[in-house]
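Letter by letter, the chains look like this.
There are 4 protein chains.
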Amino acid sequence: MRDQFPQSTIVVEKVDEQEAWARQPVGASHLRPGGTVSGPTMMAVADTAAYIVVLSHIGIVPLAVTSNLNINFLRKPEAGKALLAKGTPLHLGRRSVLTEVNIYSEGQLEKPVAHAVVTYAIPSSRRR
Amino acid sequence: MRDQFPQSTIVVEKVDEQEAWARQPVGASHLRPGGTVSGPTMMAVADTAAYIVVLSHIGIVPLAVTSNLNINFLRKPEAGKALLAKGTPLHLGRRSVLTEVNIYSEGQLEKPVAHAVVTYAIPSSRRR
Amino acid sequence: MRDQFPQSTIVVEKVDEQEAWARQPVGASHLRPGGTVSGPTMMAVADTAAYIVVLSHIGIVPLAVTSNLNINFLRKPEAGKALLAKGTPLHLGRRSVLTEVNIYSEGQLEKPVAHAVVTYAIPSSRRR
Amino acid sequence: MRDQFPQSTIVVEKVDEQEAWARQPVGASHLRPGGTVSGPTMMAVADTAAYIVVLSHIGIVPLAVTSNLNINFLRKPEAGKALLAKGTPLHLGRRSVLTEVNIYSEGQLEKPVAHAVVTYAIPSSRRR
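One line per chain: the protein sequences are B, L, C and H, in this order.
First residue of the first sequence: 7, per my numbering; consecutive thereafter.
First residue of the second sequence: 7, per my numbering; consecutive thereafter.
First residue of the third sequence: 7, per my numbering; consecutive thereafter.
First residue of the fourth sequence: 7, per my numbering; consecutive thereafter.
The hints are simulated quantities; they were obtained by calculation from the structure and are not laboratory data.
Heads up, some of the hints might be wrong.
Note: identical chains are not told apart, hence a pair may lie in one copy or across any two.
[Stated by the list, open to error] Restricting the straight-line Cα-Cα distance to at most 30 Å, the calculated cross-link-like pairs of lysine-lysine (DSS-like) are:
{"no.": "1", "residue 1": "Lys117", "residue 2": "Lys87"}
{"no.": "2", "residue 1": "Lys117", "residue 2": "Lys20"}
{"no.": "3", "residue 1": "Lys82", "residue 2": "Lys117"}
{"no.": "4", "residue 1": "Lys87", "residue 2": "Lys20"}
{"no.": "5", "residue 1": "Lys92", "residue 2": "Lys20"}
{"no.": "6", "residue 1": "Lys92", "residue 2": "Lys82"}
{"no.": "7", "residue 1": "Lys92", "residue 2": "Lys117"}
All chains should be modelled from the sequences, with the hints used to inform the complete structure.
So, in structure tokens, the structure goes:
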């Protein structure tokens with residue numbers, strides 16, 4: 007993450023075969039009117055959690071790219087809390103990887119603030 | 007935009023009844039490996055173009071929030087060019103507004119780099 | 007189901023607080039070229055599983071309607087096997103219910119053939 | 007359509023480079039409670055319109071399969087009217103074709119009842 011996305015402040019919290027966790031500290035630049043975290047901040051952390059899932063399964067392939075992302079926003083995240091995104095692989099295909107991502111306000115892991123489904127396309131050279 | 011999202015560098019280019027255009031100048035912080043514009047940058051400009059469509063139809067309602075965003079990434083944007091996003095309303099409902107957004111690299115308006123469909127929920131107090 | 011959708015051959019297999027299962031027997035009318043089950047058959051069973059989740063949580067409200075459905079097709083279902091769809095509520099909101107649906111070929115519950123996320127809008131009169 | 011989907015009552019109305027029209031006559035089996043056309047009927051005609059777009063661009067390839075479908079339901083179709091679906095290609099890629107589909111009640115082409123975005127995967131042997 008530091009090499010490829012030096013400008014990002016998202017941190018990889020944990021990765022294993024079953025899931026990947028990403029954490030986005032929330033600062034003033036992530037807020038929106040109404041004192042809540044902006045949609046683009048949530049989309050970025052969803053995309054990153056999915057990317058970590060992809061890399062953890064196919065190896066460090068910088069050219070894997072998102073082909074589709076669908077996100078539902080469920081409730082307001084708390085303005086003062088970091089976002090945590092948990093990515094779970096739904097399908098590890100030859101041409102693409104489908105990942106489910108649940109996003110939470112830190113400290114409230116029982117109620118996701120958003121839910122995303124993300125497809126990454128795998129470059130031909132790295133297909134399994 | 008300047009009032010509500012002071013940290014954003016997205017500029018409203020044009021708004022009328024039929025469409026809204028947003029422009030995202032592209033700098034180093036928007037790039038990703040492979041020398042192209044990052045997915046989150048495209049998602050942010052898509053969300054903003056949809057927000058402009060919503061506000062232009064229901065008035066300046068800071069509490070309108072995205073409820074669903076679906077985006078397909080079609081081709082690599084050019085690293086050195088700004089992104090332009092054109093939002094077109096598909097459905098102006100009482101409870102929600104559905105907007106289609108085509109995203110382009112500036113200077114190449116014949117081939118979108120991404121296509122999004124965005125739903126904004128309208129707060130009860132502002133329903134028409 | 008029998009009352010409201012007499013033409014459907016989908017059967018409710020099981021419903022509780024956590025999940026709802028629907029089963030679609032597969033006959034000649036559900037197949038498509040290549041000897042597999044058609045996409046529309048899978049979309050119908052996904053929509054039905056989500057509908058059962060909705061009704062099991064808000065009561066028998068015939069006017070609840072799908073507002074958004076996003077489905078990813080993951081692998082070919084087997085032509086000779088029934089489809090099973092498991093609906094799990096992701097968010098039970100006042101205005102809408104979001105449900106995740108995994109679809110399987112009967113007998114192969116470890117590998118979903120499709121994954122859907124379905125939003126139902128709740129009519130105002132039945133909001134909680 | 008008659009060869010590959012003999013059970014379908016959907017008719018191809020028109021196809022050219024820019025768009026494809028499919029028509030679904032509506033009978034008792036397509037209705038749902040509230041006297042309107044069912045969601046699965048609309049999803050089936052959306053998928054078919056996208057399939058026609060795909061075949062009209064890559065040739066008669068029976069093994070092209072839907073990989074993702076996202077649909078937003080906008081208003082109630084009229085129970086007594088056929089559905090018309092207009093498919094428009096958004097992106098003709100080597101590995102996939104993305105199509106936008108607007109669905110209408112016949113005679114009311116100014117207000118779509120639903121809007122879908124459909125991705126078809128192209129089998130390797132027929133890639134251009």
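*Does the structure break any of the earlier hints, and which numbers would those be?*
none
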